[in-house]
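Each protein sequence line maps, in turn, to chains A and B. Per the numbering used here, the first sequence starts with residue 1, numbered consecutively. Per the numbering used here, the second sequence starts with residue 1, numbered consecutively.
Among the clues, some could well be false.
Taking beta-carbon pairs under 10 Å as the criterion, some of the chain B residues facing chain A (in silico) [to be verified]:
1) 6
2) 28
3) 31
4) 34
5) 38
6) 53
7) 60
8) 71
Sample of chain B residues with no beta-carbon within 12 Å of chain A, all distances over it, derived [as the list claims (entries may be wrong)]:
9) 205
10) 455
11) 688
12) 868
Taking lysine-lysine and the BS3-like style, the derived pairs with C-alpha atoms no more than 25 Å apart in a straight line are [as the list claims (entries may be wrong)]:
13) 56(A) to 56(B)
14) 75(A) to 56(B)
15) 56(A) to 75(A)
These are calculated hints, taken from the structure and not from any lab test. The structure presented is a predicted model; accordingly, all values stated were derived computationally and were not measured. The beta carbon of each residue, even a glycine, is placed where N, CA and C say it ideally should be.
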Amino acid sequence: MGKKSDVWQGTLALMVLKTLETMGPLHGYGLARRIEQTSGDRLLLNYGTLYPALLKLEQEGYIAAEWGVSDNNRKAKFYRLTRAGHARLRQEAREWEETSNIIARFLAAEKEA
Amino acid sequence: MRKLRTFFLRLGGWWGRAARERQLQDELEAHFQMHVDDNLRAGMAPAQARREAALKFGSVASATEEVRGAWTVGFLETTRQDVAYAVRALRRTPAFTATAVLSVALGIGASVAIFTVADSLLLRPLPYRDPGRLMMIWENNQRRQNAEHNVISPANFRDWKAQNTVFEAMSAFTHGPATLQSGQRVEEVIDQYVTGDVFDLLGVGPVRGRLFTPAEDLPGSPNVALISYRLWQNWFAGDDGAVGRTVTLRGHAATIIGVMPQGFYLRNRDVDVWEALGLDPARDYRKSSGRYLFGIGRLKPGVAEAQAAAQMHTIAARLTAAYPEFDTRWGITLEPFRDSLVRDVKTSMLVLLGAVMLLLAVACANVASLLLARHTARRREMAVRAALGAGRWRVVRQLITESLVLGATGGALGILLARAAVAGLVAMAPQEMSRNASIQVDARIVAFAAALSILSAIVFGLLPSLAASRDDVQQGLRDGARGATSGHGALRNFLVAAEVALSVMLLTGAGLLVRSVAGLEAVKPGLDAANVLTFHVSIPSVRYPKPAQVTQFFERALTELRRLPGVERASAINYLPFHGIASGTHIDIGGRPPARPGDELSSTIRTVMPGYFHTMGIPLVSGRDFTDADNVETTPYRFIVNQAFVAQYLAGQDPLRATVSAHMQLTNPFGEIVGITGDLREGSVDQVPRPTIYYVQSHMASTSMVFVLRTAGAPLTLAEPARRVIRGLDPDLAVADIDTMDRIVRETFARQRFSAFLLTGFSAVALLLAGIGIYGVLAYSVTQRTREFGVRVALGAAPGKIVALVLGKGARLVLAGIAAGLASAMALTGLLKSLLFGVGPHDVVTLAGVPLILGAVALLASWLPARRAARMPPVDALRAE
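Isolated chain A (complex conformation):
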C-alpha cells in the first residue's frame, strides 16, 4: 500500500460532481466517504475541505441542496446534481480525459527515448 495522495486542487469539484451523478443525492458526510471509497482509500481527504467546495458549486448552480433525513434518521443537507451540473460534469470529464491522454503520451514518449 503506497503513500496516500492529497486531493489536487480543482479535482475535488469533479469528484463531487461524478459521485453525485452515480450515487444520486447525498449529504456531505456521505459524499466524503464515497469519494474515499471510490479512490480505494488512496486519497487523503480532510472532510472539512469538502464544505467550501460544495458551497462554491452550489453558488455556481451546478448542484442544489435541500434538507432531508439520512438513513439513520438524522436531519442532513442533501446535495444533488442540477442540469447545469450534468453538463459541467460531461465537459470536465472530457477535458480531464484529454489532459490525461496528453500526459500519457508524454510519459510513453519518454520511455521510447
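Based on the hints, put chain B in the right spot on chain A.
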C-alpha cells in the same frame, strides 16, 4: 456568467447571515454525528469514535471561515465589520459621539435648509418650455433713479413687436384684484390680464378646455377666463363641468374656457384667473395711457442676449425720435426671466448660502479636531492593530468608516432638522422670496444632503485619520504605555484657530446685518403703523357706474365702520403705502410753461378718503386735510401734496398758493394745494421720498380701495366685524388682504431682517462649536500636562500661574483665529453691501465688537479647564498614571 451569478448570490449573502450560520452549524454537526455513529457501529469506543471523526474532519475553524468567506463579497464583509466596529466604538464614547453628531447635524441641517430655499429660487427649472430663452422686456428712464426696470407702454410694446427680428414671440401682461363670484361664493382673487399669445410663448397649455382665441383678445369680445388648477380644485372640486360655466368676474358675466396646469404661474403665484388683455388696435395708447404692462419675449434660437439688446436699443432710439413727447429719455432693458424673479433676493440667498457653508466648515473643523483628540487617545489601540499586522490603509479605512458613520448619522439628523427649519423659513421669509417659490424638501434635496454628509465626513475624517495612521508603531506602543504626551497638537491648534476665524467671519456678517436692521427699524416710516387694520374692497363698476355712487359707497362704509366699537378712526386709500405699486404720472405746475419732452415733472398719485392722514398718523405740516365737503364731485379740484413734492417742485414759492395738474384723466383742471403732509419712507427706507399728490376720492373715484382703521386694541380682532359691515352693505363684495399696517411696514425690510436673523442664528451655532473646540483642545492639553502642572505646583507655582498658562495657550489660538477671521471678513463683507443700511462693510463697531464676543466665549471655554488644572492637588497630579 457563472461568476456573475456567484457575485450576486454573494451580494445577497449580505442579508440573512444568522440563518446561514445556523444552517452551517447544523450541517457540520450532522456530519460529525453520522461519522461518530459509523465509527461506533464499526466497534470503536465512544471516545475514540469522536476523536477519529474530529481528526478526519480537520480544522473546523478554517472550514467554517472559508465557507463564511464565500457567503459574501469580501469588500462588503470587511465594510460590514468596519461599520459594526465603528458603531461599537462610537457607542462607548457617548459624549464625543453626541457632540460630533450634533455638530454635523447642525451644519448639514442649516446647509440643506438654505439650499432648499435657494434651489427652488435659483436652480429649479421654471415650468415653461426652454425657459432660458425667456426675457423680461422693461423700459428704463435715464433720468430717474432705480428706473432700470420700469413697466412698459402698450404703444411701445406694439411697436417693438412689429419692428424687432430677434424675438420669436413677445407678449404683455398685468394683473390686479378682481371679485369672483360663483353661486354663493364671493372672493377677491388676483386676475392676470395677458395678451392672448402669452401661453404659446411660454409653451404651456391648459389641462382642461382651451386657450384664448385671437378674436377674444380684442376689445368688446365676450368675457372669457382661464382659471388656475388651485381655483378649479377649491371652487369646483376638479369637476370637468367647470369649463363652460358662467361666473361673475368684476361684476360681469364671464365664461370659464379652460384650466391651467397645476403649479403654472407667470411671475405671480397668487394669480387664480387669467383674462385676455384686449389691447385695442385702433387706439393711440401714447395719448391715453402711461406705462403699466409687463413685457416678456422669447429669443429666437441662436440670438444672444447682447445681440437682442442692441437691436432693441436701436428700436427705442427710433421710437424716441418718432414720439419725442412720449418716449424721450426712455430706453429698453432686457433681463433674463429668472434673474427678474430673483433680482433682489439673489444677493440674500447667496449670502445665506455662503454663511451656511462657513457654518458647515466650522462644524467640520470642530468634528475633525474632536476626532484628532480621539485618535490620539486611541494611539495605543492603533499601534496594537498595526503590530498585529493591520496595514496602514486598513487602519485609515477603519477610521474613515468611523467618520462616515458619524457623517451619516449627523446627516440623517440634519435632514430632519432641515425639514423642520424649511417650514419655519418659509413662514418667516420675505414675501418676495416665498411668493415665487414652492419650497419643500424632496428626493433631490435628500440626495444633496447625503452627498454633503459624505463629503463632510471625508473632509473631517481624512486628515485626522491620515495623521493617526502615520504614527510610528513602536512609538505608539511606548507612548501608550505612559500616556500620550503629545499628538497632533499643531493640527488641532490649527483647526481650532480656523473655527475661530470662520466664526469671526460669520459674526461680522451677522453684526453688520443686525446693525442694518436696527438702523432700518429706527427710521421713522412717517406714519404710526401700530394698531392699524387694513383690508381691500373693490366694487364692480358695472353696478357702480357713476363716480358719485362709488364715493357714496365708500362714505357709507366708513360711516358704519367708524361706529364699530374699538374703531377710533377710519379712512381709505386706493394704493396702500409700503405695499408695492401706486400710480405715477407727469404733472404741471400752475403758471409755468409746459415742460419740454423728457423734462416733465412726475409724481406719485394716490386717492384718499377724508381723514386718511389723521387715521394713519401722517402729520399735516401745513394747510388742512380733505373734508367731507371736498369729497363731492362738483367742488373744484383740490390736492394735498407731500413735503418732498414741495421741496422738489415748489421751492421758493408759497405751496399753499400754488396750483397743480396731474395727467391722470381725460381732463385735468388745475387745482389748489390745500395741505402739505409729511413724507413716507416708502419702498426702501434709504431712498429719498417720492413727490406725491393726493386726490380726494370724488375727483378720481377708484372702485378699488384699501380701508384703514385705527383701532383701540389688537387690530385683527376687528377683521370679522369689519367684514360683516362690508357684506351688510353689499353681500356680493369680497373683503381681501386683511392685514395690519405694522406688518406691512415691517415687510419692507423683511429681506434684511430675514438675513440678519439667520446669520445671527448661524453665528450663534458657530460660536457654540468654536467654544466646544477651544474647550476640547485646552481640556485635552490640561489632561496631558497633568503631571507637569503637578510638578509646577509642588515647586511652588501659584494656582494663578497655572491658570495663566492654560489661558495663555487658549489666547494664542483665539487671537490667531480672530486676526485671520477679521482679515477675511473685511475682504468679504463687501458682498453684503446691497443688504446694508446705515453701516459700511467695514463698520468699526462691528469689527471691534466681534472679537469681544468671541473673546468672552473663548475665555469661558478656557476658564473651565484652566480652573481644573489649578485646583488639582499636586499629589494627585504627580501620581497620575
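Original post:
Straight-line Cα separation of residue 56(A) and residue 75(A) no greater than 25 Å?
Top reply: 22 Å, holds
Original post:
Does the claim that residue 688(B) lies outside the interface with chain A hold up, using a Cβ gap greater than 12 Å?
Top reply: 82 Å, holds
Original post:
Would the stated hint for residue 60(B) survive a check requiring a Cβ distance to chain A of less than 10 Å?
Top reply: 6 Å, holds
**OP:** May I ask you to test the interface hint for residue 53(B) with respect to chain A, counting a Cβ-Cβ separation under 10 Å as satisfied?
**Re:** 9 Å, holds
Subject >> chain A versus residue 868(B) - minimum CB to CB distance exceeding 12 Å, so not interface >> reply: 57 Å, holds
Subject >> Interface hint status, residue 28(B) versus chain A (Cβ within 10 Å) >> reply: 7 Å, holds
Original post:
Far enough from chain A: is every CB of that chain over 12 Å from the CB of residue 455(B)?
Top reply: 37 Å, holds
**OP:** Closer than 10 Å between Cβ atoms is the bar; does residue 38(B) clear it against chain A? Give me holds or violated.
**Re:** 8 Å, holds
Subject >> Given as non-interface: residue 205(B), which should sit over 12 Å from chain A by C-beta >> reply: 54 Å, holds
**OP:** May I ask you to test the interface hint for residue 6(B) with respect to chain A, counting a Cβ-Cβ separation under 10 Å as satisfied?
**Re:** 5 Å, holds
**OP:** Decide if the proposed pair is consistent with the structure: residue 75(A) and residue 56(B), CA atoms, cutoff 25 Å inclusive.
**Re:** 21 Å, holds
Original post:
Minimum Cβ distance from residue 31(B) to chain A below 10 Å?
Top reply: 4 Å, holds
Consistency with the previously given hints is maintained throughout, with no hint failing.
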